[in-house]
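Visitor: Letter by letter, the chains look like this.
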Amino acid sequence: MIDLSLNFAGIKFKNPIVTASGTFGFGREYGQLYDLSKLGGICVKGLTLAPRLGNKPARIAEAPMGMLNSVGLQNPGADAFIRDELTFLRKFDTVIIANISGNTVEEYAQIAEKLSDAKVDMLEVNVSCPNVKAGGLQFGTTVQGVSSVTKAVREVSKVPVMVKLSPNVTDIAEIARAAEGEGADAISLINTLLAMRIDTLTRKPSLANNVGGLSGPAIFPVALRMVWQAASAVKIPVLGMGGVASGNDAVEMFLAGASLVGVGTACFDDPYAPLRIISAIEKYMTDQNITFLSDLIGRLELN
Amino acid sequence: MLNKYLCEVVYSEKLAEDIVALTVVNKQLAEKAVAGQFLHIKCGHSRILRRPISICSIRASAIEIVFEIKGEGTRWLSRRKHGSFLDVLGPLGNGYDMPEGKAIVVGGGLGVPPMLFAADSARNDVAAILGFRSHDRVILHKEFEAVCEKVIVTTEDGSYGKKGTAIEPLRALLASGEYSCVMACGAPLMLRAVAQICKELGAPLQVSLEERMGCGVGACLVCACATKIDGEDEMSRVCMDGPVFSADVVNWDNI
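So the sequences go chain by chain: R and Y. For the first sequence, position 216 (counting from the first letter as 1) is numbered 216 according to this note's numbering, and the numbering increases by one without interruption. Positions in the second sequence are counted from 1; adding 303 to them yields this note's numbering.
Just so you know, these hints were derived from the structure itself, not from any lab. Idealized CB from N, CA, C, for every residue including glycine. Just to be clear, a hint being listed does not mean it is correct.
[What the hints assert, rightly or not] Here are some chain R residues pointing at chain Y (derived, C-beta under 10 Å):
id, residue
1, Arg-28
2, Lys-56
3, Pro-64
4, Phe-268
So that you can see chain Y by itself, here it is in the shape it has in the complex (with noise of 0.2 Å):
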């Protein structure tokens, strides 16, 4: 159910150059959120448009929401102060599915943090793999450590972790056989790989997508995704409709 907050900024740590994690709390925003939400945050008064951020954790009334500084909007919510006021409209979204089975929770990048929330309220023992492009973009590995039984962390450069991207991770916990679903998070070019695996050995997966966004609640269509729903080509709304999707009726194609 949509509605309303003012959620008061406790605390903000710079974790990666230009990435920024903002705790706020809010009792009620915090009991009604699960994993794959977003907020969607006023961030300034000269700014129109709300910026939409999932989120990371949530421990009692607090929530962590993690960001990259991409421009002005989101440059003046990294400097909010302790003691300040955002805000929020949320949660919004639709949220993962949280499976019966093990599941494997994949991040790539900014895609990383909304997978500890997935990780942290899974029902059964979690497995994350974790991509980034190098050592200095590493984020939330302890943290993910704390929640899973087990952390994979890849590095494209080999500068931290595992050389590679997270898809040969993935390959060879799925061929494992121990796990039974998959749940990812990332840009558009690794979801479409990781899609491509999950296909192929059989293990349903869901994905979060991004889109940019107007309304954040379904009312002007702007966050479009093409998929196929019942065999007909349709555009869904991230915002509504996701943003957490089964990859079964994403359009790849598309994307």
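Pulled out of the complex, with its shape left as it was, chain R reads as follows (with noise of 0.2 Å):
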């Protein structure tokens, strides 16, 4: 008997499956071709304290096996989240984890207190988005930025709290020990990587925003060689993230030492993609004769 179910920073999930942050909407959408409640958990679009319009289109760049984009955010606010969205989700048996973000350390503290009081399950603190001038990747860059947003948020929120890091750094471990330092209960990474294509017609970017973050199956080995490197790094567990299209990919992931798997670009091509990966999970375990996640996360095999 398979169990596909785990302890993720204090929070249980019933399979290791989690939609990514900007990928999924509130749920509303994909909820129409398949109960939610099969997820192990939603990582709700960005939100921000005051409701963000987001950028210009064009907002999205294809690229080989990947695309780009430059939403900028865009999303309604806290509390119209809260208000409409927050009990929408809670219809269905999933981890709701609400994915925040602020222009300055307080804005971040400020969000953070008021979902954590919604009763979201867990909180994801981005500090990688690369499409806001302010905020975001200004912080998940440098090791200070990432240590002062994790204090404040980790001081006022009554729920669990995972730092999204972004790749678009030097040294993964040192960030993803910073963000275990001052107290976080988990990381997710990564978000995306900064990207830009060029239309050779008009020569301008093909991003309004000159530039966007680059995500999808293209960007998977880089995503598994920096969970490794951060799983390695400490001791809270890892989400792991970017470009998971399969349940090889998924495995792979908990092998490099990820105990949670997102699944984001993937559902663009394939709205079942996250239902497809649990089944490919669970199919691997049978054929492998695995009856726990525990037994393949970190268990990677170093040549």
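Using the supplied hints, reconstruct the complex from the two chains, each of which is provided in its own coordinate frame.
Guide: Set out below in structure tokens:
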């Protein structure tokens, strides 16, 4: 009998597949296709204190086995989320993770307190959005930035705090340790890789924002390497994501040290990707005669 | 309601240079789709972004789409042979509200195909104005003749139909007082001009907008369109809140 459930930072997940923030809205759209209770968890679209309109279009460009986006954190604001979306999400038996951003450390603390009081199950602190001028990457690329935001959020939050790390850094281990050092209950990685495309007919960047974040299968090997490095550097659990599109990708993430696996861009190609990946993990475990995920997580055998 | 279907390709035809018509069959999809909606089509295993393509016409279970080969994805799609299957999300988007009175449909270039479905679905007589660059770009003229009481074709260089754009005939038709509303699809510049005339002459207008898309179902927020709803600036989702918008809510300064 396969047991896909696990405890992650004190929260019970029925299975290890979580939809990645920004790719799954607030669940309503894909909820028309399947029961959201089948998911381990849902990381909701990135939230800020005040509503944000986001960047000008074009906000998307294609790349070989990937895509670039520069949405720029368009969202209705934390209050509207709590009022209009959280009650809907609460109808499902799945872990609700609120992804939060701020322009300043104080804003991170304010929105964290608000959503923690609204009883989301967990916070994912976004210090890695490449598409906004203030906040985001500005905090995520230095030890000091990550430390200060993690500390401020950890102080006010009554629910577990997971810090979402950027791949746009030189030493991911040092950043991961900084989050752990200030009391993060978990880390998630990777956010998108800063990227660019140019329209050769107009000689202009394909994105109105000039640059954007690369996601999709193209970044999977980079994500896997960074998950392995980060997981090896900390004792807190890791949510691994970045280009995961198959059960085999997810198992690679587990072996590299991830306890949960995020699925994002794969949903655009196949809306059923999260469910397909859950089934594929189950099949792998059956074939390999593995009962618990703990027998996979971090069980990489290095050369 | 969002759903995923396999559609069999039964016919393909080149309508003009780099413009292809593809007919696919799926009974459920054909029964559900309304004019203005689009299909989000997977274009091969090496591309993770689907291509959003509006529906041109439906006959029983057969759905026709017409698209321009713009890049590798649409090139792949243009090469699908009879008997192959497409992985399709759809029908997506909101579609046109079919008006009570007589309507004018206006299409410009690749905005022409979805207007055929709109003209065919209208409750009353429809006049169509179809604008193209030149004779070699003209598509679907006969098909519109079959479902409209009047069809005016314009080309910018005068090589086919009337010389000029769709704008002048639109002004004339509206001025006749015979028509009570307009539905349009085309390039932003044309739509802006259409919106201006309709506003001037007090004709309600619905426009179908185009934007590069990600998920196609409203979850990823990449296909944003500047709108003004109840006086508030908003970024609406072309895939889910549109692709058909009332011209009144579109923020034309930012289109």
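Visitor: Are the hints correct? Go through all of them and say.
Guide: Evaluation of the provided hints:
Because the beta carbon of R/Arg-28 sits about 8 Å from the nearest beta carbon in chain Y, less than 10 Å, this interface hint is met. A hinted interface residue such as R/Lys-56 counts as satisfied when its beta carbon comes closer than 10 Å to some beta carbon of chain Y; here the least separation is about 8 Å, so the hint holds. The interface hint given for R/Pro-64 is met, as the beta carbon of that residue sits about 7 Å from the closest beta carbon of chain Y, less than 10 Å. Hint status for R/Phe-268 relative to chain Y: holds, with the closest Cβ pair at about 5 Å, below 10 Å.
Of the numbered hints given earlier, the model fails none.
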